[in-house]
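2 protein chains.
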Amino acid sequence: MALTTPEEEKQHNNNNGCHMNLAISQYCTGEPQANLSAVINHYVHTLNHFNFRNLGYPTNQNFDYDALAPLLQFHLNNAGDPFVGSSFRLNSTSFEVSVLDWFANLWDIQKNKYWGYVTTGGTEANLHAILVGREQFPDGVLYISEDSHYSIFKIARIYRMQCVVVKTLFSGEIDCADLKATLLHHKDRPAIINLNIGAVDDIDLVIKTLEKSGFSRDRFYIHCDAALFGIMLPFLKAAPKIISFKKPIGSVSVSGHKFLGCPIPCGVVITRSEYMNASSRDVEIIGSRDTTITGSRCGHAPIFLWYAIKKKGSIGIQNEVENCIANARYLHNRLSDAGIGAMLNEHSNIVVFERPLDHEFSSRWNLACQGNIAHVVVMQHVTIQMLDSFVTEFLHKRSFSRFQDYGSFQPLCIAEKVSIANCSCSMHNLYHDCAC
Amino acid sequence: MALTTPEEEKQHNNNNGCHMNLAISQYCTGEPQANLSAVINHYVHTLNHFNFRNLGYPTNQNFDYDALAPLLQFHLNNAGDPFVGSSFRLNSTSFEVSVLDWFANLWDIQKNKYWGYVTTGGTEANLHAILVGREQFPDGVLYISEDSHYSIFKIARIYRMQCVVVKTLFSGEIDCADLKATLLHHKDRPAIINLNIGAVDDIDLVIKTLEKSGFSRDRFYIHCDAALFGIMLPFLKAAPKIISFKKPIGSVSVSGHKFLGCPIPCGVVITRSEYMNASSRDVEIIGSRDTTITGSRCGHAPIFLWYAIKKKGSIGIQNEVENCIANARYLHNRLSDAGIGAMLNEHSNIVVFERPLDHEFSSRWNLACQGNIAHVVVMQHVTIQMLDSFVTEFLHKRSFSRFQDYGSFQPLCIAEKVSIANCSCSMHNLYHDCAC
Numbered sequence: 001m002a003l004t005t006p007e008e009e010k011q012h013n014n015n016n017g018c019h020m021n022l023a024i025s026q027y028c029t030g031e032p033q034a035n036l037s038a039v040i041n042h043y044v045h046t047l048n049h050f051n052f053r054n055l056g057y058p059t060n061q062n063f064d065y066d067a068l069a070p071l072l073q074f075h076l077n078n079a080g081d082p083f084v085g086s087s088f089r090l091n092s093t094s095f096e097v098s099v100l101d102w103f104a105n106l107w108d109i110q111k112n113k114y115w116g117y118v119t120t121g122g123t124e125a126n127l128h129a130i131l132v133g134r135e136q137f138p139d140g141v142l143y144i145s146e147d148s149h150y151s152i153f154k155i156a157r158i159y160r161m162q163c164v165v166v167k168t169l170f171s172g173e174i175d176c177a178d179l180k181a182t183l184l185h186h187k188d189r190p191a192i193i194n195l196n197i198g199a200v201d202d203i204d205l206v207i208k209t210l211e212k213s214g215f216s217r218d219r220f221y222i223h224c225d226a227a228l229f230g231i232m233l234p235f236l237k238a239a240p241k242i243i244s245f246k247k248p249i250g251s252v253s254v255s256g257h258k259f260l261g262c263p264i265p266c267g268v269v270i271t272r273s274e275y276m277n278a279s280s281r282d283v284e285i286i287g288s289r290d291t292t293i294t295g296s297r298c299g300h301a302p303i304f305l306w307y308a309i310k311k312k313g314s315i316g317i318q319n320e321v322e323n324c325i326a327n328a329r330y331l332h333n334r335l336s337d338a339g340i341g342a343m344l345n346e347h348s349n350i351v352v353f354e355r356p357l358d359h360e361f362s363s364r365w366n367l368a369c370q371g372n373i374a375h376v377v378v379m380q381h382v383t384i385q386m387l388d389s390f391v392t393e394f395l396h397k398r399s400f401s402r403f404q405d406y407g408s409f410q411p412l413c414i415a416e417k418v419s420i421a422n423c424s425c426s427m428h429n430l431y432h433d434c435a436c
Numbered sequence: 001m002a003l004t005t006p007e008e009e010k011q012h013n014n015n016n017g018c019h020m021n022l023a024i025s026q027y028c029t030g031e032p033q034a035n036l037s038a039v040i041n042h043y044v045h046t047l048n049h050f051n052f053r054n055l056g057y058p059t060n061q062n063f064d065y066d067a068l069a070p071l072l073q074f075h076l077n078n079a080g081d082p083f084v085g086s087s088f089r090l091n092s093t094s095f096e097v098s099v100l101d102w103f104a105n106l107w108d109i110q111k112n113k114y115w116g117y118v119t120t121g122g123t124e125a126n127l128h129a130i131l132v133g134r135e136q137f138p139d140g141v142l143y144i145s146e147d148s149h150y151s152i153f154k155i156a157r158i159y160r161m162q163c164v165v166v167k168t169l170f171s172g173e174i175d176c177a178d179l180k181a182t183l184l185h186h187k188d189r190p191a192i193i194n195l196n197i198g199a200v201d202d203i204d205l206v207i208k209t210l211e212k213s214g215f216s217r218d219r220f221y222i223h224c225d226a227a228l229f230g231i232m233l234p235f236l237k238a239a240p241k242i243i244s245f246k247k248p249i250g251s252v253s254v255s256g257h258k259f260l261g262c263p264i265p266c267g268v269v270i271t272r273s274e275y276m277n278a279s280s281r282d283v284e285i286i287g288s289r290d291t292t293i294t295g296s297r298c299g300h301a302p303i304f305l306w307y308a309i310k311k312k313g314s315i316g317i318q319n320e321v322e323n324c325i326a327n328a329r330y331l332h333n334r335l336s337d338a339g340i341g342a343m344l345n346e347h348s349n350i351v352v353f354e355r356p357l358d359h360e361f362s363s364r365w366n367l368a369c370q371g372n373i374a375h376v377v378v379m380q381h382v383t384i385q386m387l388d389s390f391v392t393e394f395l396h397k398r399s400f401s402r403f404q405d406y407g408s409f410q411p412l413c414i415a416e417k418v419s420i421a422n423c424s425c426s427m428h429n430l431y432h433d434c435a436c
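Chains as they are written, first to last, in the numbering used here: chain A, 1 to 436; chain B, 1 to 436.
Derived by calculation from the structure, the hints in this document are not laboratory data. Check before you lean on any hint, since a few could be wrong.
Which residues of chain B face chain A? A partial, calculated answer using Cβ under 8 angstroms [stated by the list, open to error]: (1) Q26; (2) E31; (3) I40; (4) R89; (5) Q162; (6) V165; (7) K167; (8) L169; (9) C262; (10) H300; (11) S314; (12) G316.
To spell it out: a stretch of chain B is covered by chain A in this simulated footprint if at least three of its residues, at any positions, have a beta carbon under 8 angstroms from a beta carbon of chain A; those stretches are [what the hints assert, rightly or not]: (13) 44-54; (14) 98-108; (15) 123-137; (16) 176-182; (17) 235-246.
This structure is a prediction, so every number in the text was calculated from the model and none was measured. In this text, a Cβ means the ideal position worked out from N, Cα and C, and glycines have one as well.
Just chain A, with the same shape it has in the complex (with noise of 0.2 angstroms):
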C-alpha cells in the first residue's frame, strides 16, 4: 500500500489513530449494524496506516490469516495441561502439542524428556519458567542483567525472589566477570538465571562461570528468555548452536507473535519434564491439569503458530530469517554512511542507532526509543524500499535541526550504549578520525 504522508497522519494521531467517539451509554439499546461495521472499517483504515511502518517493535507484520477466519465463530479454550488434554472439548490441544514438538526439536529435547505450553506472550512464559527455577530452588537467588526485558524485574518482585541485577557489556551481553562477583557473593544459595538471549548473552560462558565459581548442576537453574531470538537463532547457517537442552538450562521461552506472526501475542515456554511432576495439582472440573499460569487459555494462537510454520516450512522460515538479517545490515550501512551513530550485532536484526529529536518522526515510524537511543527492528515486512524511506527523511529532519539550530546542532552521544566506536557525536567522531 502507498505510504501515507505526515499531513495525513495527523488526522489519525491520536494513541492508536482512533479518534471516534467509542464510549458506551448504560442506557444504550443496542447499536445498529451498520454503525458498528463504520466503527470497525475506520479503524481498520486506521490500523492500515501505521501497519507497514512499524520499525521499532519486533513484530511480523507480515502474515495472512484469512483461512482461519472460520475459527473466530468458536470460543476455543485450552484451559489446563495440553498434554493432558481437558474436558472442555472446543480446545485446540492437538495443534498445541504439535507446535510445541516442534520447538522442543528445535531446541534439541526428546518429546518424553520435555513439557511446555503455548502462552499469552513472553512475559508469561518468563513468569512460567522462573516459577519453575524457584519451585526447583525456594531459596534461590535470581539473577538478572540489567539489560533484561522489563517484566523480568516485575516477575522478581511479584515472586518475592531476592533478584541481583548484572551488569552487561556495550553488545548488551551479560558481564560474566560480574556475574562470578555476585554469585560468589552469593554463594551460599542456590542460582536462578535469566538469560537473555535477545542481547545474545553466552550460555556456555555462563555455564563455565558457575562452575568457576562452585556451583555445581544441581544448585543452578538457567532460564533462557529467547523472546525473539529463540526462532531465528537454530535458522541461521552461520551462527553456532546457541539454544540446546543438551546444555544444562532449565528452560526456554520465546514469542509466538514475534518472528512467526500473529495477530495476538502469544508464547511458547519450553522446560524439562521432570520438573514438572510434583509442582501441580489434578483439577476434576476441567479434567486436567492446573499446570500453566492463565489457565484458560487461547485456543486460536497454537492454530496460528501451526498454520504459519506448516505454511513457511524450515526453509520459509530460513529464507525470511537472512533476509531480515540482510536488511539489517542495509540498513546499518546507511546510517552508518550518512554519519549516523548506529550498532547492529552479528546475527542480529536490531540496529541501535542516535535518537531522532522530532518526537513526530520517532512516532510516525512507530520507533522504540530509551534515553539517547532508538531502534529499528528490521522484520519480515520491512522492505528495501520503507529503510530507504525512513533514511531520507530522517536525515532531512536531521539537517533540518541543524539548520534551525544555526550550527549549534549536536548529535546525540551514545558511546555508552553502543561504544564508542560506533558513536558519531562530535568528540567521539573525532577519535574516529584520529584512529583512521
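Given the structure of chain A, go ahead and fit chain B onto it with the hints provided.
Just chain B now, kept in the frame of chain A:
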C-alpha cells in the same frame, strides 16, 4: 444445525475431536495452501459438532463476530497501561478504556476513581487483584472459601501468601461463622479476602463479619471474583445490588468470554486507582507503565467486548440474562420432576445434579463433573430443545443403567454438595417422603 448421533461422534472422538495428523516435520518445505485449508475445514467441521452441545461450561457460544474478521490482518498489542497508552501504535486502548468505563459504571465507581484493564481471562484478573491486595498488605493473610476457583489456590502459592481455607454452606456461599473463627485466629494480621460472586458469597455479611471480628476498614482488602455473574447480576431486576464499589471492596474481576461471548478467553479487572499509584514503573521502551501482569496484551479482546456490549445494549443483555435463568429453571424442574437430585440457587443459571454414570454421555454433552455431581450452565446457546434432548437422553441412559444392574442401581448421594432436601438418593428420597 442438526445434532449428531453418538455413532457419528465416535468418528470425532479425540480430546478435541481432531484426529488429523498435525505433526510438523523439522524438514518440511512449506505445506501447500490446499492441504492447510483441508485441515482447517475438517477441524471447523468437528468443532461444529461440539459447539452446540456445550452444556457444562459457562461460555456463551452464541456470537457472531464476522464483521471483525478484517482485524485478523493486524497484530494488535495493548502493551502496558491502557490509560497511559503506548508507543506501539497498533493498539486498541481506546476500545479498551470504553469497555472499562462501562464496567466501572456497572459496579458504581467513578471514572477518575478506578483503574483496570482487559486481561487474558479470569485467572489473570484474579492474579492482578490479589497482587494489589498483597501490595496493600504485604503480610496479609489470604482467606479463600472451599468453593473458590482452582486458580486462587495456585495464586496463593505463587505469591507466597499464607492462605486460609474457609468452609462453605450447601449453596456454595462462604460460611461466615467459620470465617469469623479464622479471622480471630489471625487477628494480628490484615485480611485479604477472595469472595466468589458465582457461589454468591454475601459481600455485606462478610463486611459485617470483618467488623465484628475487629478488622477496621484499613485492615482488610476484599476481592470479588465475579467470573460469570459480575455481568449478569446487575441486570437482574429481582436481585439486590450485590457488586458495588460503594461498599468497602478493593477489586472486582470478571471473565469477558463467559457471558458476553468471545472467541478468545479474556477478562476484566477493576480496582481503585489509589492502589495503583505506587506499585508500577514507567517503561520508556513501550512508552507506558508496566501495570499489568502479562505486559504485551491482546488488542483484539477489548474490541470483541466493546462490539458485544454495543451490539446487545443494556436491554439485550438483560433479556439474555433473564432467558438463561428461565431456561435453567426449566432444566431444574425437568430433572426434579424425573426424580433426579438437582439444585439451582436463586438468581443463578447453574444447575447442579446427580453425575451421570455414563462417561461417554457426559463427554458428549461436555458436562463439567466433580465427585458425585455434574453441572449444566445454561448459557445463551442453550435452548429448550437442547435441554429436552439432554434430559431425554439422560433418563434413557439412567434407566438403562438401572436395567443393566438388575435392580441394584442406586442414584448417587449428592446431599453433601446440594443438601438433603435436593438429594434423590434412596436414603434421602425416603426422607422427602416422610417430610411430605
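- Item | Numbers of unmet hints, in rising order | 5, 6, 7, 8, 16 and 17
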